[in-house]
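With the hints as extra help, turn the sequences into a complete structure.
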Amino acid sequence: MKIKKLTLSDSERRELTTGFRTGESHCFRMRCRAILLKAEGLSAPQVGAQTEMTAQTVGSWVKRFESQGIQGLYTRPGQGRKAIMDCSDEESVRKAIESDRQSVRAAKEAWQNASGKEA
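Heads up, the sequence shown is in the working numbering, so the first residue is 7 and it goes up one at a time.
Hint data in this document are derived by calculation from the structure and do not stem from the laboratory. Among the hints, a few may not be true.
[Said to hold, decoys possible] Once the Cα atoms are required to be at most 25 Å apart in a straight line, the calculated SDA-like pairs of lysine to any residue come out as:
| no. | residue 1 | residue 2 |
| --- | --- | --- |
| 1 | Lys69 | Arg27 |
| 2 | Lys11 | Gly65 |
| 3 | Lys88 | Glu124 |
| 4 | Lys10 | Glu30 |
| 5 | Lys11 | Gln62 |
| 6 | Lys88 | Lys114 |
| 7 | Lys88 | Ala125 |
| 8 | Lys114 | Glu104 |
| 9 | Lys69 | Pro83 |
| 10 | Lys10 | Ala45 |
| 11 | Lys88 | Gly47 |
| 12 | Lys69 | Cys33 |
| 13 | Lys11 | Arg70 |
| 14 | Lys11 | Lys69 |
| 15 | Lys123 | Ser94 |
| 16 | Lys69 | Glu18 |
| 17 | Lys10 | Arg87 |
| 18 | Lys88 | Lys101 |
| 19 | Lys11 | Phe26 |
| 20 | Lys69 | Lys123 |
[Stated by the list, open to error] Here are the simulated distance ranges between beta carbons:
| no. | residue 1 | residue 2 | range |
| --- | --- | --- | --- |
| 21 | Pro51 | Arg100 | 48 to 54 Å |
| 22 | Lys101 | Ser17 | 50 to 56 Å |
| 23 | Lys69 | Val110 | 42 to 48 Å |
| 24 | Glu72 | Arg100 | 46 to 52 Å |
| 25 | Gly86 | Lys123 | 40 to 46 Å |
For glycine and all other residues, C-beta sits at the position ideal for the given N, C-alpha and C.
Written out as structure tokens, the structure reads:
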């Protein structure tokens, strides 16, 4: 099996190393690490074993890095589950809890009835 070698400039290597060490999310840090390991000449399955990704996932992150740079390694906005509650719900949640502190189920039902949202 031929291993595709990824060549990084000094500035890219610095950015990826900084991202791996200080990135805000675990996902971003692992993506930076995967790119750094690929640049060292490891195969996608070897990189995947060290970063808990599949070889296919490693390949897709390498492609995104090649096309978009380090910005491509961040999670795009709008991904993941949307929040059920927002800041405006805080007061109604507090009231529901204060009305029945002993039963989480009753507080949940009271909040759902008051807000019309499903938790």
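Earlier hints that do not hold, by number: Going through the list in order, the structure violates hints 4, 11, 17, 20, 25 and respects the others.
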